[in-house]
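Peer 1: Dock chain F against the given chain V, drawing on the hints supplied.
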Amino acid sequence: MYLKRNGKLIFLIVVLAVALLAAGCGGKQQAQQEAKPAPSGEKVIKIGFIGPLTGDVKTFGESTKNGFLLAIEQAGGKVGDYKIEYEIADDRNDATEAVNVATKLITQDKVKAIVGSVTSKCSIPISKVANDNKVVQISPTSTNPKLTVDEGKRKEYVFRACFIDPFQGTVAAKFALDNLKLKTAAVLYDQGNDYTIGLANYFKEAFEKGGGKVLAFESYAQNDTDFSAVLTKIAKLNPDILYLPDYYQKVSLIGKQAREKGIKAVFLGGDGWDSKDLDFATMEGGYFTNHYSADDPRPEVKTWVEQYKAKYNETPDALATLAYDATKLLLNAIKTANSDDPAKIKDALQATSSFPTVSGKITYDKDGNPIKSAAILQIKGGKQVYVDTVSP
Amino acid sequence: MEFLAQVINGLQLGLVYALIALGYTMVYGIVRLINFAHGDIFMVGAFVGYFGFTSWGLPFPLAILTAMVVCSILGVTIERVAYKPLRYAPKIAALISAFGMSLFLEYFCSLKFVFGPNFRVVKRPFEEIHWNLGGLTITNIQVMIFIVVVVMLIILQYLIFRTKIGMAMRSVSMDHNTARLMGVNVDNTISVTFAIGSAFAAVGGVLYAVAYPQIYPFMGIMPGLKAFTAAVLGGIGIIPGAVLGALIMGQVETMTSAYLSSQLRDAIAFSILILVLLIRPTGILGRTETEKV
Numbered sequence: 001m002y003l004k005r006n007g008k009l010i011f012l013i014v015v016l017a018v019a020l021l022a023a024g025c026g027g028k029q030q031a032q033q034e035a036k037p038a039p040s041g042e043k044v045i046k047i048g049f050i051g052p053l054t055g056d057v058k059t060f061g062e063s064t065k066n067g068f069l070l071a072i073e074q075a076g077g078k079v080g081d082y083k084i085e086y087e088i089a090d091d092r093n094d095a096t097e098a099v100n101v102a103t104k105l106i107t108q109d110k111v112k113a114i115v116g117s118v119t120s121k122c123s124i125p126i127s128k129v130a131n132d133n134k135v136v137q138i139s140p141t142s143t144n145p146k147l148t149v150d151e152g153k154r155k156e157y158v159f160r161a162c163f164i165d166p167f168q169g170t171v172a173a174k175f176a177l178d179n180l181k182l183k184t185a186a187v188l189y190d191q192g193n194d195y196t197i198g199l200a201n202y203f204k205e206a207f208e209k210g211g212g213k214v215l216a217f218e219s220y221a222q223n224d225t226d227f228s229a230v231l232t233k234i235a236k237l238n239p240d241i242l243y244l245p246d247y248y249q250k251v252s253l254i255g256k257q258a259r260e261k262g263i264k265a266v267f268l269g270g271d272g273w274d275s276k277d278l279d280f281a282t283m284e285g286g287y288f289t290n291h292y293s294a295d296d297p298r299p300e301v302k303t304w305v306e307q308y309k310a311k312y313n314e315t316p317d318a319l320a321t322l323a324y325d326a327t328k329l330l331l332n333a334i335k336t337a338n339s340d341d342p343a344k345i346k347d348a349l350q351a352t353s354s355f356p357t358v359s360g361k362i363t364y365d366k367d368g369n370p371i372k373s374a375a376i377l378q379i380k381g382g383k384q385v386y387v388d389t390v391s392p
Numbered sequence: 001m002e003f004l005a006q007v008i009n010g011l012q013l014g015l016v017y018a019l020i021a022l023g024y025t026m027v028y029g030i031v032r033l034i035n036f037a038h039g040d041i042f043m044v045g046a047f048v049g050y051f052g053f054t055s056w057g058l059p060f061p062l063a064i065l066t067a068m069v070v071c072s073i074l075g076v077t078i079e080r081v082a083y084k085p086l087r088y089a090p091k092i093a094a095l096i097s098a099f100g101m102s103l104f105l106e107y108f109c110s111l112k113f114v115f116g117p118n119f120r121v122v123k124r125p126f127e128e129i130h131w132n133l134g135g136l137t138i139t140n141i142q143v144m145i146f147i148v149v150v151v152m153l154i155i156l157q158y159l160i161f162r163t164k165i166g167m168a169m170r171s172v173s174m175d176h177n178t179a180r181l182m183g184v185n186v187d188n189t190i191s192v193t194f195a196i197g198s199a200f201a202a203v204g205g206v207l208y209a210v211a212y213p214q215i216y217p218f219m220g221i222m223p224g225l226k227a228f229t230a231a232v233l234g235g236i237g238i239i240p241g242a243v244l245g246a247l248i249m250g251q252v253e254t255m256t257s258a259y260l261s262s263q264l265r266d267a268i269a270f271s272i273l274i275l276v277l278l279i280r281p282t283g284i285l286g287r288t289e290t291e292k293v
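Those protein sequence lines, which keep their order, are chains V and F. The opening residue of the first sequence carries number 1 in this note's numbering; numbering runs sequentially from there. The opening residue of the second sequence carries number 1 in this note's numbering; numbering runs sequentially from there.
This is chain V alone, in the form it adopts within the complex:
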């Protein structure tokens, strides 16, 4: 096909394209400071919920929302002298959107506390907004240490209801070495996600310290769908373990391609696997670390599973459980403080000691992290099967 060509025009077009894309993606991150609302006659406390209700990890959002609502319902919509009003927001598992909805909840809806978000990459940006605006934030499931501490400085208003990545990565490495007796591993993680970077690094550190060898330490970008080159490379190294510390959609996709490339390694992962949308057939035989197991014989767990089943007609996953725990922790703190002042609520939350929750008794350390144990689950016969509990 013949045509006229104009290189300069194309160059201009590309520059423009990049500029437009950058403007579309970057732009709108500012948090405003806003004054307090006027107290009315009836005592009301507003709580916000943020979770990924749509997008690549939507089952996380759905589960946490269920847990959050159930906890409020069980409290009778009241805490101490206050009536609870809540706002639900969707961050689509997008960090920019997370900041936007958090800002809206704080400045427009005037919430005093936020339960959320689910993934570390959203919760960490939210924590800056919440802490700057002096609003209490408790994330049910964000495991990255940076959530509550930023460059050695504690964000006083921010808490979580789960263990942290150094613990989770270490538990996975120890389990591989001691229980599975496997000595070589390959790690594949998302280079743009705090959660997977954290897990990958802590796993590698603990695995090598325990005498194992990490044969490959590779990464990919969030939107990648073709892993064939890296997996062909890993297949040749023939590791015993393939550690995939990402969320369920991504590991399902990688797992499938890994098996196609003839990788026979045992798959190992973190709490991001916990979803009914995980590709169970592909991940068969794999293990992952989690916050809790529905098969745990403790009576608290039994009661919880029954209550949840009665309402939603499915077994609660760890996300639902942690959201329930997080909401209860928050309500308990509001009750203890008996105030809607976030400063008093956060003090009460920090002072929480041996508070009984479904996923264990919770006491906060100075960084707002609960001290608790991890469960190891296996994907077996299309189900999650409880294997072991590991204490810190």
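Any given hint might turn out to be false.
Unchecked claim - Facing chain V, a subset of chain F residues (Cβ under 8 Å, in silico):
no.: 1; residue: Ala5
no.: 2; residue: Asn9
no.: 3; residue: Leu13
no.: 4; residue: Thr54
no.: 5; residue: Thr137
no.: 6; residue: Ile138
no.: 7; residue: Pro213
Unchecked claim - In silico SDA-like links for lysine to any residue, alpha-carbon gap of 20 Å or less:
no.: 8; chain 1: V; residue 1: Lys83; chain 2: V; residue 2: Arg259
no.: 9; chain 1: F; residue 1: Lys112; chain 2: V; residue 2: Ala281
no.: 10; chain 1: V; residue 1: Lys236; chain 2: F; residue 2: Gly135
no.: 11; chain 1: V; residue 1: Lys236; chain 2: F; residue 2: Pro240
no.: 12; chain 1: V; residue 1: Lys236; chain 2: F; residue 2: Asn118
no.: 13; chain 1: V; residue 1: Lys236; chain 2: F; residue 2: Phe3
no.: 14; chain 1: V; residue 1: Lys264; chain 2: F; residue 2: Thr139
no.: 15; chain 1: V; residue 1: Lys264; chain 2: F; residue 2: Lys112
no.: 16; chain 1: V; residue 1: Lys236; chain 2: F; residue 2: Val121
no.: 17; chain 1: F; residue 1: Lys123; chain 2: V; residue 2: Ser275
no.: 18; chain 1: V; residue 1: Lys302; chain 2: V; residue 2: Tyr386
no.: 19; chain 1: V; residue 1: Lys264; chain 2: F; residue 2: Gly135
no.: 20; chain 1: V; residue 1: Lys264; chain 2: F; residue 2: Gln6
no.: 21; chain 1: V; residue 1: Lys264; chain 2: F; residue 2: Trp131
no.: 22; chain 1: F; residue 1: Lys123; chain 2: V; residue 2: Asp277
no.: 23; chain 1: F; residue 1: Lys112; chain 2: V; residue 2: Asp277
no.: 24; chain 1: V; residue 1: Lys236; chain 2: F; residue 2: Gln6
no.: 25; chain 1: F; residue 1: Lys123; chain 2: V; residue 2: Asp279
no.: 26; chain 1: V; residue 1: Lys264; chain 2: F; residue 2: Asn118
no.: 27; chain 1: V; residue 1: Lys236; chain 2: F; residue 2: Lys112
no.: 28; chain 1: V; residue 1: Lys236; chain 2: F; residue 2: Leu136
no.: 29; chain 1: F; residue 1: Lys123; chain 2: V; residue 2: Glu284
no.: 30; chain 1: V; residue 1: Lys236; chain 2: F; residue 2: Trp131
no.: 31; chain 1: V; residue 1: Lys276; chain 2: F; residue 2: Val121
no.: 32; chain 1: V; residue 1: Lys236; chain 2: F; residue 2: Gln214
no.: 33; chain 1: V; residue 1: Lys174; chain 2: V; residue 2: Lys134
no.: 34; chain 1: F; residue 1: Lys123; chain 2: V; residue 2: Lys302
no.: 35; chain 1: V; residue 1: Lys236; chain 2: F; residue 2: Asn132
no.: 36; chain 1: V; residue 1: Lys276; chain 2: F; residue 2: Gln214
no.: 37; chain 1: V; residue 1: Lys134; chain 2: V; residue 2: Thr336
no.: 38; chain 1: V; residue 1: Lys264; chain 2: F; residue 2: Glu2
no.: 39; chain 1: F; residue 1: Lys112; chain 2: V; residue 2: Gln307
no.: 40; chain 1: V; residue 1: Lys264; chain 2: F; residue 2: His130
Quick caveat, the hints were computed from the structure, so don't treat them as lab data. Quick reminder that beta carbons are idealized off the backbone N, C-alpha and C, glycines included.
Peer 2: Frame of chain V; chain F shown alone:
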């Protein structure tokens, strides 16, 4: 042996890019417009194909055909709505319109009553089979992609050089006005070009969904940009150039992941775009020549 396996990985990726790059290059050849909505047509193709062989229960070839028809109609509609009114406006206006179209398609398809914002795992319409050729594993999916793309390329060559509409396309690509004076229906020819380009993107989308079984409304952005890079690399407006560029892109990406670092993959892929534009803006197969008046 590992090297050969990587070459095959790269080939698989490159062939899919080629199907998208062809659409970019054909449209540019005819109307001098970079159709940035092309990557999103690819996405629609993937979704329609997916619904075809899952919910609607069509046999796989028929699902591809359905996707091609739907995307052709979509492509022509986009041309009529967003580009045709701007044909004699400054180039930048049509380009911005293309961006708008692209964003519209992405966000419209994300709506709950269209495709929804969620990721979907694609259940393949057939079992994958592995053949082991002396340490080299080849899957039936790779073979299928290879055959489909080669057949599509032959059909395209035939269309352009052996049919009347092909002749019309070639003449329009040279000069709209002269072609019109010779009795060529320029508007129809442009529509046909969009239809063919979109149909190719649809095939690319369905194959991509089968090869990398996960789809979502924003899946077209990256492959679209890479295919655009491929088209520029080969020489935009030149059909063999698009295929050549795409195959090179596939190899570059794969080899970077395999032998350098997976972190550098996209950085290197897009550095190529910048380098080509700086050093040889007409692309590999493009001849440097002075602008005709």
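Peer 1: Taking the hints in turn, state whether each one holds.
Peer 2: Each hint tested on the structure:
The restraint placing Ala5/F at the interface with chain V holds, with a minimum CB-CB distance near 5 Å, inside the 8 Å limit. For Asn9/F, the interface hint holds, since its Cβ comes within 8 Å of a Cβ in chain V; the closest pair sits about 4 Å apart. Annotation: interface hint on Leu13/F holds; nearest CB of chain V at approximately 6 Å, less than 8 Å. Look at Thr54/F: its Cβ only gets to about 15 Å from chain V, farther than 8 Å, so that hint breaks.
Hint status for Thr137/F: holds, given a least beta-carbon distance of 6 Å to chain V, under 8 Å. Nearest Cβ of chain V to the Cβ of Ile138/F: about 11 Å, over the 8 Å cut. The hint is violated. Interface hint at Pro213/F: satisfied, since its Cβ lies 7 Å from the closest Cβ of chain V, which is below the 8 Å cut-off. Of the pairs offered as hints, the one joining Lys83/V and Arg259/V is violated, with about 53 Å between alpha carbons and a cut-off of 20 Å exceeded.
The suggested pairing of Lys112/F with Ala281/V is violated, with an alpha-carbon distance near 28 Å, which exceeds 20 Å. A C-alpha spacing of about 11 Å is found between Lys236/V and Gly135/F, which places the hinted pair at or below 20 Å, so the restraint holds. Between Lys236/V and Pro240/F the CA atoms are separated by roughly 35 Å; this puts the pair beyond 20 Å, and the hint is violated. About 34 Å separates the Cα atoms of Lys236/V and Asn118/F, which puts this hinted pair outside 20 Å; it is violated.
A hinted pair counts as satisfied when its Cα atoms are at most 20 Å apart, and Lys236/V with Phe3/F qualifies at roughly 11 Å. A C-alpha spacing of about 17 Å is found between Lys264/V and Thr139/F, which places the hinted pair at or below 20 Å, so the restraint holds. Proximity of Lys264/V to Lys112/F is assessed by CA-CA distance (about 39 Å); at most 20 Å being required, the pair is judged violated. Straight-line distance between C-alpha atoms of Lys236/V and Val121/F comes to about 27 Å, which puts the hinted pair past the 20 Å bound.
As the CA atoms of Lys123/F and Ser275/V are separated by approximately 18 Å, the hinted pair is consistent with the 20 Å bound. Distance restraint check for Lys302/V and Tyr386/V: the Cα-Cα separation of roughly 14 Å lies within the 20 Å cut-off, and the hinted pair is therefore satisfied. Note on Lys264/V and Gly135/F: the hinted pairing holds, with a Cα-Cα distance of about 15 Å set against a maximum of 20 Å. Pair hint Lys264/V plus Gln6/F holds up; C-alpha atoms about 19 Å apart against a cutoff of 20 Å.
Distance restraint check for Lys264/V and Trp131/F: the Cα-Cα separation of roughly 17 Å lies within the 20 Å cut-off, and the hinted pair is therefore satisfied. Restraint check for Lys123/F and Asp277/V: the C-alpha separation of about 13 Å stays at or below 20 Å, so the hint holds. For the given pair, Lys112/F sits about 18 Å from Asp277/V by alpha-carbon distance, which is consistent with the 20 Å threshold. Proposed proximity of Lys236/V and Gln6/F is supported: the alpha carbons are some 12 Å apart, at most 20 Å.
A threshold of 20 Å between alpha carbons decides the hint, and for Lys123/F with Asp279/V the separation of about 10 Å falls inside it, so the pair holds. Restraint check: the Cα-Cα separation between Lys264/V and Asn118/F comes to about 30 Å, which exceeds 20 Å; the hinted pair is violated. Restraint check: the Cα-Cα separation between Lys236/V and Lys112/F comes to about 43 Å, which exceeds 20 Å; the hinted pair is violated. Only pairs whose Cα atoms come within 20 Å are accepted, and Lys236/V paired with Leu136/F is accepted, the gap being roughly 11 Å.
At roughly 17 Å between alpha-carbon atoms, Lys123/F and Glu284/V fall within 20 Å of each other, so this suggested pair holds. With a C-alpha separation of about 17 Å, the suggested pair Lys236/V and Trp131/F falls inside the 20 Å cut-off, and the hint holds. Taking the CA atoms of Lys276/V and Val121/F, the gap is near 13 Å; set against the 20 Å cutoff, the hint holds. A threshold of 20 Å between alpha carbons decides the hint, and for Lys236/V with Gln214/F the separation of about 25 Å lies outside it, so the pair is violated.
For the hint pairing Lys174/V with Lys134/V, the CA-to-CA distance comes to about 39 Å; that exceeds 20 Å, so the pair is violated. Proposed proximity of Lys123/F and Lys302/V is contradicted: the alpha carbons are some 35 Å apart, above 20 Å. A threshold of 20 Å between alpha carbons decides the hint, and for Lys236/V with Asn132/F the separation of about 15 Å falls inside it, so the pair holds. Straight-line distance between C-alpha atoms of Lys276/V and Gln214/F comes to about 16 Å, which keeps the hinted pair within the 20 Å bound.
A C-alpha spacing of about 19 Å is found between Lys134/V and Thr336/V, which places the hinted pair at or below 20 Å, so the restraint holds. Between Lys264/V and Glu2/F the CA atoms are separated by roughly 17 Å; this keeps the pair inside 20 Å, and the hint holds. The hinted pair formed by Lys112/F and Gln307/V fails the criterion: a straight-line CA distance of about 30 Å is larger than 20 Å. For the suggested pair Lys264/V and His130/F, the alpha carbons sit about 15 Å apart, so the restraint of at most 20 Å is met.
In the structure shown, a violation is registered for the earlier hints numbered 4, 6, 8, 9, 11, 12, 15, 16, 26, 27, 32, 33, 34, 39, in ascending order.
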